[in-house]
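Undergrad: Okay, here's what each chain looks like letter by letter:
Protein chains: 4
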Amino acid sequence: MKNVAIFGAGRIGHIHASNLAALPGVKLKYVCDPNSAAASEMAQKHGAQVSDIEAVFADPSIEVVAIASSTDTHSDLISRAAVAGKHIFCEKPVDLSVPRARACAAAVKAAGVACMIGFQRRFDPTFSEARARLDRGEIGNPEMLVITSRDPGAPPAEYIKLSGGIFRDMLIHDFDVFRWILCADGDEAQWLSATGSVLTDPAIAALGDFDSTAVTIRTRKGRLCQINTTRRAAYGYDQRFEVLGSTGMLQCGNHTPSEVKQWDATGVRGDKPENFFLQRYSAAYRLEIAHFFECLQSGAAFRTTIADGVAALELADAATESCKTGQPVDF
Amino acid sequence: MKNVAIFGAGRIGHIHASNLAALPGVKLKYVCDPNSAAASEMAQKHGAQVSDIEAVFADPSIEVVAIASSTDTHSDLISRAAVAGKHIFCEKPVDLSVPRARACAAAVKAAGVACMIGFQRRFDPTFSEARARLDRGEIGNPEMLVITSRDPGAPPAEYIKLSGGIFRDMLIHDFDVFRWILCADGDEAQWLSATGSVLTDPAIAALGDFDSTAVTIRTRKGRLCQINTTRRAAYGYDQRFEVLGSTGMLQCGNHTPSEVKQWDATGVRGDKPENFFLQRYSAAYRLEIAHFFECLQSGAAFRTTIADGVAALELADAATESCKTGQPVDF
Amino acid sequence: MKNVAIFGAGRIGHIHASNLAALPGVKLKYVCDPNSAAASEMAQKHGAQVSDIEAVFADPSIEVVAIASSTDTHSDLISRAAVAGKHIFCEKPVDLSVPRARACAAAVKAAGVACMIGFQRRFDPTFSEARARLDRGEIGNPEMLVITSRDPGAPPAEYIKLSGGIFRDMLIHDFDVFRWILCADGDEAQWLSATGSVLTDPAIAALGDFDSTAVTIRTRKGRLCQINTTRRAAYGYDQRFEVLGSTGMLQCGNHTPSEVKQWDATGVRGDKPENFFLQRYSAAYRLEIAHFFECLQSGAAFRTTIADGVAALELADAATESCKTGQPVDF
Amino acid sequence: MKNVAIFGAGRIGHIHASNLAALPGVKLKYVCDPNSAAASEMAQKHGAQVSDIEAVFADPSIEVVAIASSTDTHSDLISRAAVAGKHIFCEKPVDLSVPRARACAAAVKAAGVACMIGFQRRFDPTFSEARARLDRGEIGNPEMLVITSRDPGAPPAEYIKLSGGIFRDMLIHDFDVFRWILCADGDEAQWLSATGSVLTDPAIAALGDFDSTAVTIRTRKGRLCQINTTRRAAYGYDQRFEVLGSTGMLQCGNHTPSEVKQWDATGVRGDKPENFFLQRYSAAYRLEIAHFFECLQSGAAFRTTIADGVAALELADAATESCKTGQPVDF
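Chains as they are written, first to last, in our numbering: chain H, 584 to 914; chain U, 584 to 914; chain W, 584 to 914; chain E, 584 to 914.
Hint data in this document are derived by calculation from the structure and do not stem from the laboratory. Note that this is a predicted model, so its numbers are computed, not measured. Heads up, some of the hints might be wrong.
Copies of the same chain look alike in the list, so a pair counts if it works inside one copy or between any two.
Straight-line distance between alpha carbons at most 25 angstroms, and here's what the computed SDA-like set of lysine to any residue pairs gives [claimed, not checked]:
| hint | residue 1 | residue 2 |
| --- | --- | --- |
| 1 | K692 | C766 |
| 2 | K628 | K804 |
| 3 | K628 | S881 |
| 4 | K585 | L606 |
| 5 | K804 | D784 |
| 6 | K692 | A621 |
| 7 | K744 | N618 |
| 8 | K585 | F859 |
| 9 | K628 | A740 |
| 10 | K692 | P682 |
| 11 | K804 | A817 |
| 12 | K692 | H597 |
| 13 | K585 | A621 |
| 14 | K804 | G736 |
| 15 | K628 | A604 |
| 16 | K804 | A866 |
| 17 | K804 | P735 |
| 18 | K804 | P785 |
| 19 | K628 | Q862 |
| 20 | K585 | G630 |
| 21 | K907 | S746 |
| 22 | K610 | Q632 |
| 23 | K610 | G630 |
| 24 | K675 | V696 |
| 25 | K628 | S601 |
| 26 | K907 | R803 |
| 27 | K804 | P739 |
Just chain H, same shape as in the assembly (with noise of 0.2 angstroms):
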């Protein structure tokens, strides 16, 4: 029986918290949030205690933690536990500065425990089936890459003003989901054009951030991935992509809650792609969180490492100074 203890106690800690409980062999025991009425009420749930860092830090009986509290605290946690010598799940970004980042990845190699970055959409089950497909040559070499990926509406002002810029807080999984796809035989970005606007709300230029963007990224060997993103689709939150190879493309749709054509007058009509990120991507959250203790388990290596969040951070780093200067980035 793995004991767990998990920081955050918001929106994700719960998806978290319920998923690692209903796993086999590990116990949730603890849970810390600065809201310590949201701890309570998580930790009653769960039949866990309420308990603080330094507390989970010294008790010998936490293998592992599980970090989804606030992106500021991700990279002081992280290397806290690796010093503490626990086992680290942490909600993906590492940390929204680069240096900070790599220190984190030094620390926990250092310590040599392990981590995972929760980057979900390599659980997908739609993505992961087109990632199985290209592992299994049904395509050929993968050669370009289309990315649609477009919320629903936009975050307030407040959340976008620490948000670290669209770029590493929202494409950072587009990004990562590049890499994924295109780069899995050790291929590399190695120019990046990234351009924006605002179209949805001012506030937003307010405060030198962007609401819609394009990104293009062209790898070593010559592979093109171009990548499309709103903070406002007006049907809803679109998580598409789309990979030509050698021999046939891939395209991955979105998941809809029913399956239900209504035909009338109007046409012939589906429904609109799950509503956000939480449901969509549910099942996603469920098998990250079992791979994470699988691998744990069998000492198999995690699908998303510490070095997976920062390389995503360096190119969310590159696309954001390439759009303001309007100039590509070289690698």
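With chain H held as given, fit chains U, W and E onto it using these hints.
TA: Only chains U, W and E this time, still in chain H's reference frame:
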């Protein structure tokens, strides 16, 4: 906390046990199965105890029994549970004999216990969305229903021998869907015609059964329903229906494991439907048992009652007769 | 150059006239119609002359007649054309009476002229692709056929009065599709059951007709066919069929005016099917008439013969009787 | 009756000749082609005469010329036709040189003749339906455009050598679509970045060209467009675009030869897209030439002008430069 005993530790028993054990306020206390190894394994998995039928009915701490044992035990267990004052969730069918099923219904009524029959299709996210849209009048008055219900392969002759025939074993679900979709306003079947063939395996003919059937029902209000069924669809488990209304049509499609489309020299290829009923209806089974306990708690009416179980069986009997005689049945 | 006379300058006459006039080696020479204004307009459009029936049959320069006049004139024109030694293209049906249709077939045979009946669905690009795949064995041996055939709205009572009833007027196409798809190896209908209702317009009931029907046919080899039809599908003209084979299934969908999908707050919406038969079958009508002249030229067999016209009418008669008596018909 | 001379009796010449010859009020009088056998064959097919350039321009009975000859002859023929007072339909591109294209536009303007450039995609039923919905405001203000434009295979090196490069040869259509969809309100490209690779055939690299490209354009109003292109999509000719608006999205899919879906053990498979541009755009070519003559008749403005031809070429030039230097172009 509601204490529950389950009868049956086979495939479908495991589904119900896992789903009910995960519900808040529900405790799986006892597992009963003639196969004691299976009973032990299930009991251990859920922290329950192995028990036997008499002990369960005698234990006043047990409020609810879930019946997932073999079909030929259902009516006896329902009747005894009713006498013992236990609330009942029973997998379909109530029984393979209409008189015995009616006797069960009478016993349940006399005892005043709650009894729900597991027609899980009514809880499928796609099918129940269609029902909800009918309720909201989105396609007007329902007029025609076309049900496609195909298994991926015939079961062994041993199974078929005890199954009651294809109409009682397989189409009973479709007869329930017919009543649920077309008869919600009190309408009823008035005329039924069935025909069938053996196209896949002569052993099925030797047992006096069919593997391919076509049923038509006309209701008192003149609504029409056509059901086509086969035991062997080479492409998998096909579960669809279309309901035509006065102002539109609702088309319920299959569910698929992923939303990947593969484009290559052979065409554009999506997934086959979910493999079989355990996959296709996994959400339905979960929602069904949750509905059962919610209704027990709130006192609301079940979506599927023992009367529904009897009515579907009556239609199955009529279809069996019609298919054998070649003549329609009038109700 | 083949000189052709056309009988009938109405809606369907215009389709055939335009299509045959565009063929190389074919010259539309005469147009005949009791409505002289309509005849003149069509003649002018195609550089043809207005003529009358006697003159056409007497003119030795005419090799071919195309019959697109009202149904009640078909058998007379076929018989007279046969006697006059003209090859015949005739719109379906041969006649509304089976004996008269058989007499026509005999007259055609006796005269040794070529005669093709216009069941245009056999030339639809989607339906004929399905037939081609059956021929190539792509789904093995055909076992079940489900036909959905729905008009967008009922015609006026005046039309229905003269139509011969829904089975002879509308389902005759579906009976031909049944024979084309399931009986290509010489199989034949053995048992047929039909039922129907009036759900859209009481005037149809007053005429002794139906607007909603459900037909089931079982063949000698045990194949099953279900046909569902309505005069009024609120979402438009719905023309689909699915054929299940021993190793797969072919599903023939509707055609749409465009491939635009609109994603908005209400869902993801595609086009309704093509508006009505003139739109859906525009390619079919074009390919049908080209096939007719190609076969005349090459001596190859027509895809649809007068025998097919008689056979479909026999099924329509059987369905009419079954629907009125409530009893199946055995062949 | 408008008399027309056509220049060019090759593949695209045949398309235009057949389409214009079928129009009421239009007479194909002359065919000119350096390949006299090809000219004769086309002339014979349409009852026209073989002629030469000088004779055509000198013949006062000729009102209209259709230019479907090789690209390097377009600008000369346009200029001479303008001087001769003939109205002009010219296949894209105007020329491979922007200055020469501008000179053509000036010559046309000076002569006061009508001149339409054949960007047939604007007449595709799917693409023009999307444009119509934008005009009706069905998705609000357009914000982002993603164009997928892929050929089924690279042409021979001989062709590529004379093609002007992939941006002028292939993407010129996509640049026109960009302007048509995103710039209808007078908006214009402000910033363009292109990159490319050679992934299919080293011979293309040897010619200094690319076979895989990714272009991004930002407009003055901040709209974003991404275009992905390849010379070789193993699954065929892929022609799609998606336009995101403030209240929805329009997704334009490929056209397919049939609507058959084959369900078997490998999945559910639909047709590949129409084979290549002659098939996909057959309706577009027909509608385009009809539009040209309708506008000539009515005096209405053409949907595509010589100015559009120049503007698309300017974007192709900018993309060629950007792709070679790795730097964006500002307008």
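Undergrad: Which of the numbered hints are not met once you compare them with the structure shown?
TA: Of the numbered hints, 2, 6, 8, 9, 12, 16 do not hold.
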